[in-house]
Amino acid sequence: MISLGCDVGTITAKTVILKDGEIVAFDITPNEGKLSQAVERSVQNALSQAGIALEDIENRGGTGAGERYISFPHVTKSTISCLSKGVNRTVTSARTVVDIGGLSTTCIHINDQGKAMEYRTNDRCASGTGFFLELAAQALELKVEDFSRVAASAQEKVRISAQCAVFGESEIVSHVNDGVDAASIVAGISHSIGSGLATTARRLGVEPEIVATGGVAKLAPVLKALEEDLGVEVQTPEWDPQLAAAIGAALPDTEQ
Amino acid sequence: MIVAGCDVGSLSGEAVVLQDDSILAYEIMRVRPRPELTAEEVTARALAKAKLSFEDLSYCVSTGYGREKIPFSNSSISEISCHGRGAHWVNPNVRTVIDIGGQDCKVIRVDKLGYMVDFVMNDKCAAGTGRFLEGMAKVLGVELEALGPLGLAGASPTGITKTCTVLAQFDVMCLLNDGEDRADIAAGIGRAMAERITKMAKRVGVQGEVAMTGGVAKNAAVVSSLQDVLGLELYQLESVDPQIVGALGAALFARERCERQERRKAS
Amino acid sequence: MDTSQLSDRKDRTIINNYMKSGYMGLLLLEMEGITSLADLGGPEAIRGFLPEEFQDTFDLVQLPLLDVILKEKNRASAKAVFRTAMDYFELVNRELEAGKPHVQHYFAIAPEFMWAMDLVPVAHEALGAISSIFYREGCEAGIDRTLAEGYPDHLCAAQTGSVGYLLDGLIPKPDVLVNNSAPCDASNMMYEYASNKFDIPLVMIESPYYQNERGWKYAITEIKRAIEELERITGHTLDEDKLREHVEHSNEAISYFLKLQELKRLTPMPDTGWHRPADTLFLIQLGTPMSAAYYKALYEDAKARADRQGSVIPEGKKEKRLAWGYAWMAYDLPFFDWLEEEHGAVYTGDVLTYIPPHAGVVDTTSVETMIEGLAWRFMQMPMGRQTMGFSDVWVNDFVTIVKQFKVDTLVLAGHMACKHFWALNKLLSDKVKEETGVPTLRFEVDMFDKRFTPGPEMRRIMNEYFASQ
Numbered sequence: 000m001i002s003l004g005c006d007v008g009t010i011t012a013k014t015v016i017l018k019d020g021e022i023v024a025f026d027i028t029p030n031e032g033k034l035s036q037a038v039e040r041s042v043q044n045a046l047s048q049a050g051i052a053l054e055d056i057e058n059r060g061g062t063g064a065g066e067r068y069i070s071f072p073h074v075t076k077s078t079i080s081c082l083s084k085g086v087n088r089t090v091t092s093a094r095t096v097v098d099i100g101g102l103s104t105t106c107i108h109i110n111d112q113g114k115a116m117e118y119r120t121n122d123r124c125a126s127g128t129g130f131f132l133e134l135a136a137q138a139l140e141l142k143v144e145d146f147s148r149v150a151a152s153a154q155e156k157v158r159i160s161a162q163c164a165v166f167g168e169s170e171i172v173s174h175v176n177d178g179v180d181a182a183s184i185v186a187g188i189s190h191s192i193g194s195g196l197a198t199t200a201r202r203l204g205v206e207p208e209i210v211a212t213g214g215v216a217k218l219a220p221v222l223k224a225l226e227e228d229l230g231v232e233v234q235t236p237e238w239d240p241q242l243a244a245a246i247g248a249a250l251p252d253t254e255q
Numbered sequence: 000m001i002v003a004g005c006d007v008g009s010l011s012g013e014a015v016v017l018q019d020d021s022i023l024a025y026e027i028m029r030v031r032p033r034p035e036l037t038a039e040e041v042t043a044r045a046l047a048k049a050k051l052s053f054e055d056l057s058y059c060v061s062t063g064y065g066r067e068k069i070p071f072s073n074s075s076i077s078e079i080s081c082h083g084r085g086a087h088w089v090n091p092n093v094r095t096v097i098d099i100g101g102q103d104c105k106v107i108r109v110d111k112l113g114y115m116v117d118f119v120m121n122d123k124c125a126a127g128t129g130r131f132l133e134g135m136a137k138v139l140g141v142e143l144e145a146l147g148p149l150g151l152a153g154a155s156p157t158g159i160t161k162t163c164t165v166l167a168q169f170d171v172m173c174l175l176n177d178g179e180d181r182a183d184i185a186a187g188i189g190r191a192m193a194e195r196i197t198k199m200a201k202r203v204g205v206q207g208e209v210a211m212t213g214g215v216a217k218n219a220a221v222v223s224s225l226q227d228v229l230g231l232e233l234y235q236l237e238s239v240d241p242q243i244v245g246a247l248g249a250a251l252f253a254r255e256r257c258e259r260q261e262r263r264k265a266s
Numbered sequence: 000m001d002t003s004q005l006s007d008r009k010d011r012t013i014i015n016n017y018m019k020s021g022y023m024g025l026l027l028l029e030m031e032g033i034t035s036l037a038d039l040g041g042p043e044a045i046r047g048f049l050p051e052e053f054q055d056t057f058d059l060v061q062l063p064l065l066d067v068i069l070k071e072k073n074r075a076s077a078k079a080v081f082r083t084a085m086d087y088f089e090l091v092n093r094e095l096e097a098g099k100p101h102v103q104h105y106f107a108i109a110p111e112f113m114w115a116m117d118l119v120p121v122a123h124e125a126l127g128a129i130s131s132i133f134y135r136e137g138c139e140a141g142i143d144r145t146l147a148e149g150y151p152d153h154l155c156a157a158q159t160g161s162v163g164y165l166l167d168g169l170i171p172k173p174d175v176l177v178n179n180s181a182p183c184d185a186s187n188m189m190y191e192y193a194s195n196k197f198d199i200p201l202v203m204i205e206s207p208y209y210q211n212e213r214g215w216k217y218a219i220t221e222i223k224r225a226i227e228e229l230e231r232i233t234g235h236t237l238d239e240d241k242l243r244e245h246v247e248h249s250n251e252a253i254s255y256f257l258k259l260q261e262l263k264r265l266t267p268m269p270d271t272g273w274h275r276p277a278d279t280l281f282l283i284q285l286g287t288p289m290s291a292a293y294y295k296a297l298y299e300d301a302k303a304r305a306d307r308q309g310s311v312i313p314e315g316k317k318e319k320r321l322a323w324g325y326a327w328m329a330y331d332l333p334f335f336d337w338l339e340e341e342h343g344a345v346y347t348g349d350v351l352t353y354i355p356p357h358a359g360v361v362d363t364t365s366v367e368t369m370i371e372g373l374a375w376r377f378m379q380m381p382m383g384r385q386t387m388g389f390s391d392v393w394v395n396d397f398v399t400i401v402k403q404f405k406v407d408t409l410v411l412a413g414h415m416a417c418k419h420f421w422a423l424n425k426l427l428s429d430k431v432k433e434e435t436g437v438p439t440l441r442f443e444v445d446m447f448d449k450r451f452t453p454g455p456e457m458r459r460i461m462n463e464y465f466a467s468q
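If you read the protein sequences in the order shown, they are chains A, B and C. Numbering-wise, numbering that gives the first Met the number 0 puts 195 at position 196 of the first sequence, and it's gapless, one number per residue. Numbering-wise, numbering that gives the first Met the number 0 puts 164 at position 165 of the second sequence, and it's gapless, one number per residue. Numbering-wise, numbering that gives the first Met the number 0 puts 290 at position 291 of the third sequence, and it's gapless, one number per residue.
Since the hints were made in silico from the structure, they are not lab data. Hints are not guaranteed to be accurate.
To be verified - Here are the computed lysine-lysine pairs in the DSSO-like style, where the Cα-Cα straight-line distance is at most 27 Å: (1) K258(C) x K402(C); (2) K196(C) x K198(B); (3) K302(C) x K317(C); (4) K418(C) x K198(B); (5) K317(C) x K114(A); (6) K425(C) x K201(B); (7) K114(A) x K319(C); (8) K201(B) x K418(C); (9) K114(A) x K425(C); (10) K123(B) x K418(C); (11) K111(B) x K217(B); (12) K114(A) x K430(C); (13) K319(C) x K405(C); (14) K317(C) x K432(C); (15) K201(B) x K217(B); (16) K418(C) x K161(B); (17) K114(A) x K217(A); (18) K137(B) x K142(A); (19) K33(A) x K137(B); (20) K161(B) x K33(A); (21) K123(B) x K68(B).
Start from the sequences and build out the full structure, keeping to the hints where you can.
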């Protein structure tokens with residue numbers, strides 16, 4: 000059985016095509032301000048990869064903050080449900096999902112069926128989100144994907160005190176101007192985001208096993224900081240963690 | 000007596016050279032990596048415009064970010080006092096100053112001599128600051144300077160409800176995707192800004208003539224919205240660039256302190 | 000206090016508005032053949048059918064609220080709400096005209112003893128909050144006015160609406176202010192401020208910390224002291240017969256309140272949710288005949304529905320039972336109706352509409368027994384009950400509510416500035432989870448100011464929640 004899931008986030012649009020529960024194609028396309036176009040492109044890319052036409056896929060799910068920009072007929076699913084089911088597909092022992100998205104962070108308690116039992120979300124403020132990382136990357140003249148590699152060589156980490164994503168960027172700029180090396184700055188940023196996440200997770204209550212999802216979950220230094228702060232292991236799935244909600248949207252039994 | 004004031008902000012630095020009660024020259028430039036460098040360069044450039052050099056200065060006051068670190072300044076004074084003083088010099092009827100800078104926004108009340116009486120400031124969060132507008136201009140795909148005129152062309156301002164600059168940007172992105180009119184969105188941005196500032200202004204109390212200073216004073220849509228929401232006409236600085244008001248105030252304090260110094264020497 | 004020392008109570012704009020809004024609501028409910036504003040040609044047309052003097056009032060009131068009250072299921076409770084608003088404020092106007100000393104007090108201090116002293120007691124907070132409930136602009140003008148005086152925007156807005164109205168001369172200046180130390184410093188400070196600003200004597204009643212015999216004995220001495228202070232300030236004394244009369248009214252009101260509370264245990268839920276904020280606010284009328292009539296009408300409506308096993312949600316929807324671990328949002332009563340219609344989610348209890356059954360009947364044998372009973376009830380009133388002492392009262396009340404009302408979701412729509420609540424909120428959700436397995440949904444609101452978390456945002460949050468279940 001073939002199904003398609005599309006997660007339209009605040010920074011990227013993600014598409015996943017599943018065949019009998021396995022990922023056969025996926026795509027991540029940056030929005031760059033044009034949501035409808037990004038969705039189109041992402042879906043087309045995934046379809047070409049899978050060598051299949053949209054008309055041949057009956058089961059389609061959509062989710063995310065920009066879900067209404069998906070133009071083709073699909074079932075709208077709640078992002079919380081998609082994240083939960085998306086993780087549960089391969090990690091049935093997961094009980095806490097920590098999702099770090101573009102503009103919000105969410106912690107979810109799930110059961111062994113991948114049903115969301117309780118959750119907490121911070122969407123009032125962009126502190127500690129993917130957006131902040133994008134700003135930081137610009138200030139450092141790096142790409143977010145480089146962060147893991149760069150932080151690996153850090154001897155120390157510099158302190159980032161600003162809560163606000165926008166002001167945090169200025170702080171980074173002044174560190175750069177003061178001659179602090181990129182590695183220490185990235186290590187400092189990772190630490191600040193990781194410990195912020197730990198606080199959010201603790202507010203919900205941390206129940207092992209913990210799985211991190213979302214684009215920011217691809218950054219090893221952030222996960223390490225989160226783990227150290229929580230004192231519990233944080234896993235990432237074997238597939239790209241940014242795809243969690245799109246996978247959940249593609250799964251047929253995800254709640255609407 | 001020739002004095003100078005320099006003001007280093009988060010995005011720009013300014014300097015004003017004052018002789019007695021006249022502005023001889025002024026300069027505005029984008030900041031250098033360190034405040035000392037900005038202060039030195041902007042003051043040097045202003046002096047050069049007046050065909051003067053640092054030796055001609057009797058006194059210099061620095062304000063803004065890193066003001067205590069400026070090697071050539073004689074003393075440093077908070078930008079709040081300087082903004083109030085500077086705006087009051089341009090129009091002695093001014094009793095309230097709204098300053099919207101790159102990374103903070105403040106409302107200052109001054110007495111009839113231009114000295115600061117009360118103020119309220121937001122420097123914890125980018126909402127209501129120049130950064131907010133910068134981010135929005137980027138999302139709308141226009142230059143910062145074009146945001147104001149675009150907003151003025153808007154017939155009905157779109158409501159922008161999110162306080163957080165970043166979250167509001169995503170909302171604007173969606174509005175654009177939904178085909179909302181860009182001019183209306185720009186007008187809505189001006190309005191959101193005005194409402195935030197007005198809330199602050201009411202905390203400190205709006206009295207007398209109200210002047211607007213700082214870079215954002217040049218955004219016509221914000222000014223227009225602010226007048227609308229406050230329900231009064233803002234005094235707009237015409238003879239003096241609103242961006243140099245802080246440096247001007249610093250120069251006035253420089254003159255005052257220099258005069259005091261002279262009097263003490265004489266007695 | 001002789002009449003020359005009394006405040007001139009000419010500032011009646013808000014009180015008159017409330018009275019007229021009550022009347023206007025009743026007129027609308029009496030119009031033939033309308034079950035929504037879309038009937039008869041829409042809001043403009045309906046406005047045209049109202050007598051001229053009520054058209055201005057119509058312009059103040061939230062249109063979605065009027066739509067909700069015209070629905071068949073909400074009519075009976077709506078009539079109760081508008082009737083009581085009209086009658087109560089008419090009474091207040093009459094008593095003010097009669098030149099009696101005017102007291103404004105904290106809403107959780109039941110006013111029977113003040114009526115019995117021939118004073119005119121009105122809850123200060125309600126004077127602002129009722130605007131939130133009825134009007135499009137809420138009490139925002141009052142809030143902003145108070146903030147302009149320097150009140151911080153990170154503290155509770157409960158009194159800011161009414162203090163702003165005092166500053167702008169929209170409500171009468173009281174002759175005396177009466178406050179109790181519960182719930183918090185922020186509210187206490189507002190009374191101090193009003194007292195200093197307008198030079199009004201302030202009587203403070205200290206709320207006991209603990210819900211026990213010792214606390215009760217202390218509350219009795221405090222109520223007695225308050226009566227003495229009021230006697231000293233106003234020259235009026237407590238009349239036993241009057242006290243009995245007012246206590247009999249409040250006994251009746253409280254007994255209907257508790258009977259209504261019992262009905263909320265039933266499935267399907269027989270009580271509509273839209274009027275809960277009014278249920279709290281109209282506790283201020285305790286001691287007057289209006290208040291007994293109000294809770295009686297609500298009880299009868301719910302009882303009739305319960306007897307025929309009727310529900311408040313559409314046919315075919317599965318009933319979801321919510322408890323609000325903080326309370327309601329005053330600015331969007333239609334939201335609670337929307338929850339019923341859209342999600343089949345009914346409103347069981349919250350911290351401000353819960354009174355423990357033992358708060359019950361006051362013994363009217365003598366002044367002594369009445370004061371003792373009123374003191375005990377004073378300790379059980381919302382806000383006062385939960386906010387002194389440790390968190391156990393609030394937490395345990397919710398475990399009780401969840402169990403008794405068969406709640407399946409606890410919603411903590413916490414008032415943004417309430418430090419009591421935010422300090423205990425995790426204890427509360429943990430304990431409820433531990434004892435009942437019920438999960439919690441959490442978000443922030445400002446109870447009186449729609450600008451903080453507007454209606455559409457609340458609906459988005461609830462939609463996401465129900466979609467994930």
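Does the structure keep K302(C) and K317(C) at a Cα separation of 27 Å or less?
-> Roughly 21 Å between the alpha carbons, so the hint for K302(C) and K317(C) holds.
Assess, step by step, whether the Cα of K196(C) is no farther than 27 Å from the Cα of K198(B), and give holds or violated.
-> holds (22 Å)
Please work out if K33(A) and K137(B) have their alpha carbons no farther apart than 27 Å.
-> holds (13 Å)
Proposed proximity, K68(B) with K123(B) (alpha carbon, max 27 Å) = holds (23 Å)
For the pair supplied as a hint, K137(B) and K142(A), is the alpha-carbon distance within the 27 Å limit?
-> holds (19 Å)
Within a Cα-Cα threshold of 27 Å, do K111(B) and K217(B) meet the stated pairing?
-> Holds, because 26 Å separates the two Cα atoms, which is no more than 27 Å.
Are the Cα atoms of K425(C) and K201(B) separated by 27 Å or less?
-> Between K425(C) and K201(B) the Cα gap is close to 36 Å, so the pair fails against 27 Å, i.e. violated.
Holds or violated: K317(C) with K114(A), Cα cutoff 27 Å?
-> Distance of about 19 Å is within 27 Å: holds.
Decide if the proposed pair is consistent with the structure: K418(C) and K198(B), CA atoms, cutoff 27 Å inclusive.
-> Holds, because 23 Å separates the two Cα atoms, which is no more than 27 Å.
Within a Cα-Cα threshold of 27 Å, do K201(B) and K418(C) meet the stated pairing?
-> holds (25 Å)
Mind checking the alpha carbons of K418(C) and K161(B) for me, to see if they're no more than 27 Å apart?
-> holds (24 Å)
If you draw a straight line from the CA of K319(C) to the CA of K405(C), is it 27 Å or shorter?
-> holds (10 Å)
Going down the numbered hints, you'll see the structure goes against just number 6.
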